[in-house]
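A.B. asks: Since each chain sits alone in its own frame, please combine them into the complex, following the hints.
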Amino acid sequence: GNSVTQMEGPVTLSEEAFLTINCTYTATGYPSLFWYVQYPGEGLQLLLKATKADDKGSNKGFEATYRKETTSFHLEKGSVQVSDSAVYFCALNTPRKLIFGQGTELSVKP
Amino acid sequence: DTAVSQTPKYLVTQMGNDKSIKCEQNLGHDTMYWYKQDSKKFLKIMFSYNNKELIINETVPNRFSPKSPDKAHLNLHINSLELGDSAVYFCASSPLTGSGTEAFFGQGTRLTVV
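In order, the protein sequences belong to chains A and B. For reference, each letter of the first sequence is one residue, going 1 to 110 in the working numbering. For reference, each letter of the second sequence is one residue, going 111 to 224 in the working numbering.
Okay, chain B solo, but in the shape it has when bound (with noise of 0.2 Å):
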């Protein structure tokens, strides 16, 4: 019964290579997002939908494409990784932009590009 789920936990692969990560939620929210947290545990948004409709993009560099095949789904493709992309990626989903609701965070996938 977890609430927002990622997969996989881990992912370790070689620069150049496109990989996805899946994220999942079951609380009915409508709105979904992705997160990255650097080695030193800073975390930004990298992008937010609504009801499938992406709404943020911060500045993330065109090689990272998100996917929302419906509202309980958000996924996020990667293009030609580079050493730089190791990081930990929070897929999250809320209520309603803008509410004083939080937001529930998965688990993380641990990215890591050799």
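This is chain A alone, in the form it adopts within the complex (with noise of 0.2 Å):
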């Protein structure tokens, strides 16, 4: 079936570090793949995506390429801010639904 694994949060790191959140995915046939952030008492916003294998995606620093052989989709940044404070939520789409991993949280300490 199709699922979708993150690494296991809390992940804390101090202002300027380089960020990587690790993503992988099981799925039938070739889904878009797709990074949510959830701020602290909002919804789900999108923060990027990538619909087909070698796609990168990115937004607001943030970067993930699609990788269809090692089934992975990481999150990346260069330099987070204590702005970005958040759960990243990876999900794939099939034709149905959005399946979504179970989220990793993120805080940044100045």
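Note that these hints are calculated values from the structure, not bench results. This structure is a prediction, so every number in the text was calculated from the model and none was measured. Treat each hint with caution, since some may be false.
Distance condition first, Cα-Cα at most 30 Å in a straight line; then the derived DSBU-like pairs of lysine-lysine [said to hold, decoys possible]:
no. : chain 1 : residue 1 : chain 2 : residue 2
1   : B       : Lys154    : A       : Lys56
2   : B       : Lys154    : B       : Lys177
3   : B       : Lys150    : A       : Lys77
4   : B       : Lys146    : B       : Lys129
5   : A       : Lys60     : B       : Lys119
6   : A       : Lys52     : B       : Lys146
7   : B       : Lys154    : A       : Lys60
8   : B       : Lys151    : B       : Lys181
9   : B       : Lys151    : B       : Lys132
10  : A       : Lys68     : A       : Lys52
11  : B       : Lys177    : A       : Lys60
12  : B       : Lys151    : A       : Lys109
13  : A       : Lys77     : B       : Lys151
14  : B       : Lys150    : A       : Lys60
15  : A       : Lys68     : B       : Lys151
16  : B       : Lys150    : B       : Lys119
17  : B       : Lys132    : B       : Lys177
18  : A       : Lys52     : B       : Lys154
19  : A       : Lys60     : B       : Lys151
20  : B       : Lys154    : A       : Lys68
21  : B       : Lys150    : A       : Lys109
22  : B       : Lys119    : B       : Lys181
23  : A       : Lys52     : B       : Lys151
24  : B       : Lys119    : B       : Lys151
25  : B       : Lys177    : A       : Lys56
26  : B       : Lys132    : B       : Lys119
27  : B       : Lys146    : A       : Lys77
28  : B       : Lys154    : A       : Lys77
Selected chain B positions facing chain A (Cβ under 7 Å, derived; list incomplete) [stated by the list, open to error]:
no. : residue
29  : Lys151
30  : Phe152
31  : Leu153
32  : Ile155
33  : Met156
34  : Ser158
35  : Glu212
36  : Ala213
37  : Phe215
38  : Gly216
39  : Gln217
40  : Gly218
Using N, Cα and C, we set each Cβ at its ideal position, and we do this for glycine too.
C.D. replies: Written as structure tokens, this is what we have:
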């Protein structure tokens, strides 16, 4: 079946540190892949997406590349800020619904 | 000009009560969803509607009944609330099921059953 696995949190970093949040997926066919972000007390917002293999999604300094050979879509940012503190969700799009990973909480300290 | 709006944002109620959560989207999307987020932040789909027709019902207890009066609205009615129903419920919409486009989420309704 289809599933998404993310690295467990919480992840705590200092400001300006490099961020990687790992995401791997299992899917039939060729799903689109997404990263969503949930700031405290808010709903989910799309951060970036990739719709086919080797696509790179990017937004607000975050990047992720759709790797079919490793079934991965790792999220990276070169220099995190306190304002990036949030929960990050990796997701894939099946014909009927979005399937989410378990979420990774990121806390960035000044 | 909120794209997906849910009401209420917070709902505190006693066990055994019946409550409703409303959702509206002004994006012209065909598909709407209800997701449940538990205390560990895990998101699980409950229902999906496409043009007012139910297309997903993910083994949700039949105390939960979605209603879609038109394709811009998807409400969630919950009967006989239980402590385990406490969670954040998110409404979402997307243009087309199966497409590469993303879903747009509401702000969530935090339901607390006491």
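A.B. asks: For every hint, state whether the structure bears it out.
C.D. replies: Right, here's what the structure says about each hint:
1. Lys154/B - Lys56/A: 26 Å, holds
2. Lys154/B - Lys177/B: At roughly 19 Å apart (the allowed maximum being 30 Å), Lys177/B and Lys154/B satisfy the hint.
3. Lys150/B - Lys77/A: Holds, at about 24 Å.
4. Lys146/B - Lys129/B: It holds: about 15 Å lies between the C-alpha atoms, which stays within 30 Å.
5. Lys60/A - Lys119/B: At roughly 28 Å apart (the allowed maximum being 30 Å), Lys119/B and Lys60/A satisfy the hint.
6. Lys52/A - Lys146/B: Since the Cα atoms of Lys52/A and Lys146/B sit roughly 28 Å apart, the hinted pair holds (cutoff 30 Å).
7. Lys154/B - Lys60/A: Roughly 27 Å between the alpha carbons, so the hint for Lys154/B and Lys60/A holds.
8. Lys151/B - Lys181/B: Distance of about 28 Å is within 30 Å: holds.
9. Lys151/B - Lys132/B: The hint holds at about 21 Å.
10. Lys68/A - Lys52/A: At roughly 9 Å apart (the allowed maximum being 30 Å), Lys52/A and Lys68/A satisfy the hint.
11. Lys177/B - Lys60/A: It is violated: about 37 Å lies between the C-alpha atoms, which goes past 30 Å.
12. Lys151/B - Lys109/A: Measuring from Cα to Cα gives roughly 21 Å; hence the hint holds.
13. Lys77/A - Lys151/B: 22 Å, holds
14. Lys150/B - Lys60/A: This hinted pair holds, its Cα atoms lying about 26 Å apart.
15. Lys68/A - Lys151/B: Judged against 30 Å, a Cα distance of about 27 Å means the pair holds.
16. Lys150/B - Lys119/B: 19 Å, holds
17. Lys132/B - Lys177/B: Within the cut-off at roughly 10 Å; holds.
18. Lys52/A - Lys154/B: 24 Å, holds
19. Lys60/A - Lys151/B: At roughly 23 Å apart (the allowed maximum being 30 Å), Lys151/B and Lys60/A satisfy the hint.
20. Lys154/B - Lys68/A: 25 Å, holds
21. Lys150/B - Lys109/A: Holds - the C-alpha atoms of Lys109/A and Lys150/B are around 22 Å apart, at most 30 Å.
22. Lys119/B - Lys181/B: 22 Å, holds
23. Lys52/A - Lys151/B: 28 Å, holds
24. Lys119/B - Lys151/B: 17 Å, holds
25. Lys177/B - Lys56/A: 38 Å, violated
26. Lys132/B - Lys119/B: The given pair, whose Cα atoms are some 10 Å apart, holds under the 30 Å limit.
27. Lys146/B - Lys77/A: 29 Å, holds
28. Lys154/B - Lys77/A: 27 Å, holds
29. Lys151: Holds - the Cβ of Lys151/B comes within 7 Å of chain A, reaching about 4 Å at its closest.
30. Phe152: 5 Å, holds
31. Leu153: This interface hint holds because 4 Å falls under the 7 Å limit.
32. Ile155: The hint holds - Ile155/B has a Cβ within 7 Å of chain A, the shortest such distance being about 5 Å.
33. Met156: Status violated, d = 10 Å.
34. Ser158: 6 Å, holds
35. Glu212: 5 Å, holds
36. Ala213: 5 Å, holds
37. Phe215: 4 Å, holds
38. Gly216: Holds, about 5 Å.
39. Gln217: 5 Å, holds
40. Gly218: With Cβ-Cβ at 5 Å, under 7 Å, it holds.
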